[in-house]
Each structure stands twice: as C-alpha cells, then as structure tokens.
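Novice: Start counting the sequence shown at 1; every next residue gets the next number (full-length UniProt numbering).
In case anyone wonders, no lab produced these hints; they're calculated from the structure.
These numbers come from a predicted model, not from an experiment.
A portion of the hints provided could be inaccurate.
With beta-carbon atoms standing in for the labels, derived distance ranges [stated by the list, open to error]:
id	residue 1	residue 2	range
1	E334	A278	25 to 33 Å
2	K370	S342	41 to 49 Å
3	K399	S342	20 to 28 Å
Distance condition first, Cα-Cα at most 27 Å in a straight line; then the derived BS3-like pairs of lysine-lysine [claimed, not checked]:
id	residue 1	residue 2
4	K209	K319
5	K84	K319
6	K416	K84
7	K370	K407
8	K319	K416
From the three backbone atoms N, C-alpha and C, an ideal C-beta is built for every residue, glycine too.
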Amino acid sequence: MHHCTGLIGLIIIVFQKDRKATNMKGLVVVAFLLKALLCASYEVQRTTDLGLVGGRKIEILGATIEEYRGIPFAEPPIGELRFKPPVPAKPWDGTLNATSRRSGCPQPMLNTSLTDNIEYGEDCLHLNVWAREGSSNAPVLVWIYGGGFTYSSASHDYYTGAVIAAKTGIVVASMNYRLGVLGFLNADSPEAPGNMGLLDQNLALKWIKNNIDHFGGDPSSITLFGESAGAAGVHAHMLSPMSRGLFRRAIAMSGVINAPDFTESPHESVAKGDALAAIVGCRPDNKTLVSHPDEVIGCLRTRSADQLVAATFRAVPGKHMPFLPTYHNAFLPEEPSVAIRSGSFDTGVDLLTGVTSDEGVTLFSWLQPKPEILAEHLDNVDRETLINALHETVSTWMKGMTPPLLKDDEAENTSKAAIRRKYVDYLSDRLFVCPMHSAAAAHASRGGTVYTYVFDHWTTKRAPLSWAGVAHAMDLPYIFGLPLLDRERVEFSDEDVAASEKHLRIMGAFVGLPVQPGVSAWRKYTAISPISMLLKNDNNTNIVGFRSDHCDSSSGHPEMHA
Numbered sequence: 001m002h003h004c005t006g007l008i009g010l011i012i013i014v015f016q017k018d019r020k021a022t023n024m025k026g027l028v029v030v031a032f033l034l035k036a037l038l039c040a041s042y043e044v045q046r047t048t049d050l051g052l053v054g055g056r057k058i059e060i061l062g063a064t065i066e067e068y069r070g071i072p073f074a075e076p077p078i079g080e081l082r083f084k085p086p087v088p089a090k091p092w093d094g095t096l097n098a099t100s101r102r103s104g105c106p107q108p109m110l111n112t113s114l115t116d117n118i119e120y121g122e123d124c125l126h127l128n129v130w131a132r133e134g135s136s137n138a139p140v141l142v143w144i145y146g147g148g149f150t151y152s153s154a155s156h157d158y159y160t161g162a163v164i165a166a167k168t169g170i171v172v173a174s175m176n177y178r179l180g181v182l183g184f185l186n187a188d189s190p191e192a193p194g195n196m197g198l199l200d201q202n203l204a205l206k207w208i209k210n211n212i213d214h215f216g217g218d219p220s221s222i223t224l225f226g227e228s229a230g231a232a233g234v235h236a237h238m239l240s241p242m243s244r245g246l247f248r249r250a251i252a253m254s255g256v257i258n259a260p261d262f263t264e265s266p267h268e269s270v271a272k273g274d275a276l277a278a279i280v281g282c283r284p285d286n287k288t289l290v291s292h293p294d295e296v297i298g299c300l301r302t303r304s305a306d307q308l309v310a311a312t313f314r315a316v317p318g319k320h321m322p323f324l325p326t327y328h329n330a331f332l333p334e335e336p337s338v339a340i341r342s343g344s345f346d347t348g349v350d351l352l353t354g355v356t357s358d359e360g361v362t363l364f365s366w367l368q369p370k371p372e373i374l375a376e377h378l379d380n381v382d383r384e385t386l387i388n389a390l391h392e393t394v395s396t397w398m399k400g401m402t403p404p405l406l407k408d409d410e411a412e413n414t415s416k417a418a419i420r421r422k423y424v425d426y427l428s429d430r431l432f433v434c435p436m437h438s439a440a441a442a443h444a445s446r447g448g449t450v451y452t453y454v455f456d457h458w459t460t461k462r463a464p465l466s467w468a469g470v471a472h473a474m475d476l477p478y479i480f481g482l483p484l485l486d487r488e489r490v491e492f493s494d495e496d497v498a499a500s501e502k503h504l505r506i507m508g509a510f511v512g513l514p515v516q517p518g519v520s521a522w523r524k525y526t527a528i529s530p531i532s533m534l535l536k537n538d539n540n541t542n543i544v545g546f547r548s549d550h551c552d553s554s555s556g557h558p559e560m561h562a
C-alpha cells in the first residue's frame, strides 16, 4: 500500500542501515523533508472512512478532473482469504498514493488492444474515482467491466471515467473483482462459497455508498453500469438481496444475468473445481470438494494463481467462460430465470438495457482459429468445414452442447452466407437479445421503469463487412467518450464525436441530470409494447420488439425451428 508515512519509514530504515549515515537529528530532518516533498506531490486529497487518499488532477476537454486510482476496498484475497468472500480493507496511516493504476486480477493473457501492459496479481481489489473539480452532490456512475467473468480489469486506461466526468459532471467509479476460478469456484463450502467476484463488487458498492460524498458524489443517486458479463453483474445486483439499497438505477449493456449461459448450479461448479484440482495435484486418493472440501481447498491455496489460471482451460476445455456465477446461495437465492418470473428483484431500480444490432459477430471473431468463416465471401471454405466451425464456435460460448441449428435439407440447400447468418443470429439471440426482452418485460410488468435500446452506429473510419452489423462491445468507445479525445480524427470521425456526445447526454438524462437538447423522446418498454430506441448514426427512432419474434416467450431463449 503506497502512502506518505510508509515510504518515509522505509527510507529511514535504509539510512539507519548505512553506517555512514549522519546522526539521528539528521535523519529526522531528512524524514521531515521527505514527508513534505512526498505529501505535497499530491495535487488533491480527499478523506475516506479508511484514511486520506492523494490523487492527481487532469485537464481534459476544458474541465479539471480529480483522479484517484487504486484505492483498496478489501484486504488482498491471498493465503487463507483466497476463495473466500472479501474482507473490508483496514484503515491506513498517512495519505494513500492513489495517483497510478494498480494490478488487475489474475487472468489468462490475451493479445488484444485492452492489455495495455498492466500488471496482474491477487492483490487486486481496488477501486477508482473520477470527479470534476468542485463537484457537489453529483449523480454517480459505477462501472463494472465485462470479459466473460474471466478477463479484463478496471485498471485498463480504456475504461477511464475522466471523459464522462468532464462532459457530464457525473462522478464515476469503477472496481476490480476476482475472475475465473479465483472469483467463481463454488465448492458448496464456506471455504469457497462461490460468487466471490460478485461479492467483491458488492463490497466495493458499499464502500462507494459510504464514501462517494467525500468526492462530490450523491450516495442516494448511484447508477450501476456494465457491459457484457459486467452488465450481467449489474443485473445480478438487482436480483440479490445483499445489494438492496446500494443503488437507484442500472444500465445493462449487452448482458443480463438470466441468460442461460451466464450462471451455473453449485453442482456444475464443483465438478469443474474437482477437475482443476486433479490437474494441479490437489486430489490425493481421489478426494473431492464434496468429500474433503477443506483439504482440497487448502491444497489449492498452496498453488500459485498462475498455476490455477493455467489449469483452468484444461479442466474446462473448449469454453470461453469456464467458471460462472452460481445460484442457490446468499447472493443469488434463486436461479435467475426463476427469479425473473417470480418477481424476486428490486423493482424500485430503474433499468436501461440494450444490445448492439449484431452481437454475435464479435463472438465468432474472438480467438477464432478459422478467420475464413468471417470473410466477406465464403469461397475459400467448403460447406462442411463452415458448418463444423460455426457449430464449434457456438459451443465455446454455451455451458452445454450446441443444439442442431439446421434441418437436414438446410445444410445442403441453403447458401453458406445464410448458414453463417443463422449461427450468428442464434448466438446473438441466446446470449443477449432474448434474455434482454425477458428481463425488461418482467421488470416492466411488476411496475418497474424500463428503457431499452439497440445500438447501430457505424464509424465511417472502418468499412463494415457487408454481412455484419454492429458487433458486441462496439458501443464501448462511445459510452466512455473516446472519440472526443481523438482531435486529429485518426480513429474516429466527426460523426463518431457527435454520436458519443449524444450517448453521453442520454446516459446523463437517465442518471438524473437535466435533459439536454438532442435527447429524443424515449418511450418506456412494456410487455405489451416492447419499444426500443434504435441508436443509429445521426438518427434515433423507436422500434418495436427487436428480434423478439425469434424468442420463446415462455423461456426467453431463442426458438428452435430445427
């Protein structure tokens, strides 16, 4: 933990070990000067319940933003705390250095644009805050990142809240949470109760609720927002009795927790945990998490985080989301689709949820070993290879086996482009579109306020594939205002800047800022009239029942016609 007194103490020890050091009077003078130098280096300080934090100021888009990064909200989940619910952080002395990002939580390494060379380690439970200078009683946005419960971090520069704060005056916060086996192994035991990653989010939310007023935020006006697995997390907090009262609004972008492949039973998690334990040598004499939970988990705690992460995809082969949130526990008492139908969720939370126009395209390009199936033309791939590759890709995103999507005659008589479209649409509908309609309809039918959208903005800087729409996660740059930073228009166009400004106005209106010009009238979603706003370049229009004809109204899953 980085703070003024800790650094000074370290330097004093170094001086004392040096036999050529001056007398103690000199050391006191050096310590005093160092303290003045180090603590004065903080451009801004704030008080929290745990101690002082020192941040820095950023000049951005004509506004001065206070940035605080790497504030611990929990004790490091290491040793005996690994696999357990988070323990609140202890108070610190002096001023905590919150001027630079901290480690992300352990995860598989990816060669993507989001890696930006951050470090990873189990001491990762930190949060970040961005606030416009002089903020007072401002609405608060709390970001939960996606990544299939397996990847990503709030430490990424990509997820800075500075632009949102500068353009809207909203106070923005984000947190890290544990991922993969470290965040979601449910051994049906107090030693590993499951949902540790969601409990991390919950503890961070409590910290934000109790401290955000020190940063100029209004603790009674907190909005959660997340994308993909982060959106599912946002929705999970709406269902969880443990998160009641911690927030007023929710923005779930491309994900809700009732999607069939975003949660699993404790039994499923235990089976995966046993497989992983065997790989890392933690199942002597065929002991299991059921028969000897303390012994097996104790052994898993002796293995490095890297060992456990590396063993994950061997234990759960062929799946991009190997460990998932679980239900039938304190955080999620019911299976989410059951909770949705029974009304076991907080209807007092306003919900804004939506999808991109062609979610599944990204999922087919993610770590795709056969890029030829995404090509503009499918001349270089034969029909059987195409179908097998598409089927295999769908399977990597599902907990179980992929159902047959083609009738016997379709495989032979349908064009390859139409076959690809059917698989892409199935994945879009199964993971995102149909669960969104189910969640929105359930919330609205029980008196909750719901707005939905379909994001369909294309940047002119990148020519789209003729067969593809706007894919999963392509809305993120606009929500975080990244086009506004591209003054040379290298990555984004003037139209992208306008789209980003519009989306920031929409988000501001939802979280409670006065409605500004340029925000179109947005009608509420109801079960009878499932209206979504189509966000398309410079034209917003209301559409009804986006792809809902592809969904089974009883289950919220895609209808199977094969």
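Novice: Each hint: holds or not?
Specialist: For each hint, the structure was consulted:
The hint said 25 to 33 Å for the Cβ distance between E334 and A278, and at roughly 31 Å that hint holds. Between K370 and S342, the C-beta spacing of about 42 Å keeps the proposed range 41 to 49 Å intact. Taking 20 to 28 Å as the suggested C-beta distance range, the pair K399 and S342 conforms, at roughly 22 Å. For a cut-off of 27 Å, the pair hint linking K209 to K319 is broken: about 36 Å separates their Cα positions.
Between the alpha carbons of K84 and K319 the distance comes to roughly 25 Å, so the proposed pair stays at or under 27 Å and holds. For the suggested pair K416 and K84, the alpha carbons sit about 49 Å apart, so the restraint of at most 27 Å is broken. A C-alpha spacing of about 24 Å is found between K370 and K407, which places the hinted pair at or below 27 Å, so the restraint holds. As the CA atoms of K319 and K416 are separated by approximately 25 Å, the hinted pair is consistent with the 27 Å bound.
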